[in-house]
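Q: Below, each chain spelled out in residue letters.
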Amino acid sequence: MNTENGKFEKMQDELLASHSARISFLEHFRDHRQEGFGSYFADWGLDQKVEVKAPKEPWNADVFRTHPWDDSMEQDYGLFAPFTRDEMKSAPAWYSIHVKMVEAGTLQSDFFAYGTKAADKVGINRITKVLKENDSAEVEGCARDIMRHMGGIPKVRGRRSAEDCPTAKFYWNYRFAREISNELKSVDARTVYQALYNSSLWRKLVNTLEYQVTVLNNKRILAAFIAFIIEGRETGRIREGTQEKEISRAVALVSPLTSMRQLSMVETQEILALFNKVASS
Amino acid sequence: MNAARNILHQAPLVRKKPESYLKACYAASFDRERFVIRVRHRLSESNLVHQLVKAGKAQYGCEIISPRTFYREFFPVQPEDGVQQVLKIDEADIALDDTILHPIIVSTDEDNIEVCKGHGLHEFFTGKFIEVLPGTILADGGYFGLIHEVGKMFSKYEDSSLPEGTYKLEQVHDPALHFSIGLAPDLHANFENISPEKRQIFLTGILANALEMLGRSCLKEDEIDEEFLEKHPRARKLLESLGENIEAVLDEIKNGGAAKIASHYRTIKMTPQK
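Chains as they are written, first to last, in this note's numbering: chain A, 1 to 281; chain B, 282 to 555.
Bear in mind the hints are in silico, worked out from the structure with no lab data behind them. Misleading hints may appear alongside valid ones.
[What the hints assert, rightly or not] If you want the ones that stay clear, here's a sample from chain A, every Cβ over 12 Å from chain B, calculated:
id	residue
1	R85
2	E210
3	K219
4	P256
5	E270
[Claimed, not checked] Across the chosen pairs, the derived CB separations fall in these ranges:
id	chain 1	residue 1	chain 2	residue 2	range
6	A	S280	B	P477	33 to 43 Å
7	A	E133	B	R315	47 to 57 Å
8	A	Q75	B	S441	51 to 61 Å
9	A	N5	B	P477	49 to 59 Å
10	A	P82	B	V317	17 to 27 Å
11	B	F316	A	N182	33 to 43 Å
12	A	G78	B	A540	34 to 44 Å
Ideal Cβ placement from N, Cα and C applies to all residues, glycine included.
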């Protein structure tokens with residue numbers, strides 16, 4: 001994909017630096033929910049020529065925010081098949097894709113504005129309220145949420161599209177689920193997908209894979225590790241609400257095993273048995 | 282002493298410089314052309330790991346790691362390929378500037394080996410048992426950035442001031458040390474069309490010239506100029522990959538052996554044009 005990081009970051013910087021720019025940004029998202037949406041991003045260094053196929057049905061806000069496990073999974077994942085793994089981690093690439101998806105009617109611009117509070121769940125309501133009240137902190141919070149959900153704010157938060165952008169999270173989660181169930185037949189893709197969708201677990205996992213224990217990225221090792229986590233949750237070893245801490249503990253347990261041995265040469269079931277053995281010793 | 286207490290669950294590693302082993306060394310050199318990487322593994326003889334490789338109980342391999350794209354795969358060398366390996370990376374899997382190569386030697390079998398003197402380990406290990414499992418890492422060649430450290434030693438460009446059929450070679454620092462090959466327009470135009478065999482002969486000559494230049498730069502009053510090698514890690518890496526040790530390689534170059542060394546080293550490739 002042909003994007004320009006320099007231009008993209010400059011435009012994000014300008015937006016973050018000015019209240020009036022943020023107001024215009026929110027107004028655009030309110031007023032151009034489909035037609036004319038891309039005009040705002042003309043100078044952002046996005047790939048204007050990128051092509052994204054349309055899904056069978058347009059996505060609603062719930063599907064965009066938390067893609068449920070349903071019959072459309074494979075087809076929706078397939079929308080992003082033409083892109084490289086690096087593009088699926090890149091903020092400008094996701095912005096380019098989302099602009100096309102909004103213009104094609106697959107998404108609506110206000111979907112990106114959802115917030116974590118219950119009152120902020122519906123994007124258009126949030127934007128309308130924030131613009132009416134004109135509180136600078138609320139305006140900034142809403143603009144930042146949109147920027148994160150569009151693909152991320154790399155200069156502020158690093159390359160965290162897989163965490164910040166719900167479409168990227170759907171893509172990577174489903175990709176992992178497919179690969180893991182392929183490696184470990186006893187674990188089905190749906191179970192993996194639903195287990196990984198937990199936000200604190202997901203955040204910790206993708207951070208670990210990219211920055212801490214990269215050996216877990218190997219398909220076989222990752223499959224065994226995720227099965228180890230899922231089993232841990234089922235048996236109560238990992239308690240609800242403390243997944244982040246428990247993942248850290250799981251990583252601390254298994255990573256010494258991977259430094260002495262190329263575990264990708266071992267069958268996945270055997271790796272899982274090794275992980276369980278070390279956890280119970 | 283109880284035999285169980287003598288089992289080492291972590292196998293001693295062969296590395297670039299001898300550590301647990303008395304003399305054994307393991308290193309790999311790389312050569313990249315877009316998404317094809319040629320890896321050449323170099324393991325010294327007379328040590329346990331070499332014996333295991335010879336017996337088919339251990340194999341060379343290389344990991345490709347791209348943390349940014351959540352990618353990490355291990356590619357073992359097939360027995361029929363000896364110490365050479367060609368890795369073809371799928372462009373869609375990696376981020377070039379974030380990709381790391383990690384050459385290693387791993388065990389393919391489960392074994393319990395009682396260390397003897399012939400294994401080349403320090404005396405401390407003699408009589409102890411090393412527990413080896415499939416995948417146990419026996420030698421570690423280190424980590425190498427794909428675009429920062431591999432295959433950037435040579436580049437070519439068209440020099441219109443050169444008479445037909447001629448070329449020139451310069452050692453340049455821009456800022457990293459590399460060799461720049463100026464080709465007359467006719468040579469430059471036909472470079473990609475000449476047969477691989479002829480191109481190899483040409484590049485062997487280039488490498489021999491480059492080694493002679495490098496030899497002069499690395500020696501100061503007949504002694505190895507450590508300061509130069511510190512400053513130019515690529516030069517050190519190239520020389521280390523060409524023989525037992527840098528001293529021996531420089532000695533051979535000094536005694537007129539550059540062409541011979543170059544003719545044994547057949548993996549030189551060009552980086553994109555300047």
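Q: If a hint holds in the structure, say so; if it doesn't, say that too.
A: Hints versus structure:
1. Separation of R85(A) from chain B is inadequate, the least Cβ-Cβ distance of about 4 Å not exceeding the 12 Å criterion.
2. Not every Cβ of chain B is farther than 12 Å from the Cβ of E210(A); the closest lies at roughly 5 Å, contradicting the non-interface assignment.
3. Distance to chain B contradicts K219(A) as a non-interface residue, since its nearest Cβ pair spans about 8 Å, not more than 12 Å.
4. Not every C-beta of chain B lies more than 12 Å from that of P256(A), the closest at about 10 Å, which undercuts listing it as non-interface.
5. Not every CB of chain B lies more than 12 Å from the CB of E270(A), the least distance being 9 Å, so the non-interface label is violated.
6. Judged by the Cβ atoms, the range 33 to 43 Å given for S280(A) and P477(B) is violated: they are separated by roughly 57 Å.
7. At roughly 55 Å, the beta carbons of E133(A) and R315(B) sit within the given window of 47 to 57 Å.
8. A hinted range of 51 to 61 Å for the beta carbons of Q75(A) and S441(B) is consistent with their spacing of about 56 Å.
9. The hinted window of 49 to 59 Å between N5(A) and P477(B) is violated, with their beta carbons roughly 38 Å apart.
10. The hint said 17 to 27 Å for the Cβ distance between P82(A) and V317(B), and at roughly 23 Å that hint holds.
11. Separation of F316(B) from N182(A) is about 24 Å and departs from the stated range, judged on CB atoms against 33 to 43 Å.
12. A beta carbon spacing of about 56 Å between G78(A) and A540(B) contradicts the range 34 to 44 Å that was offered as a hint.
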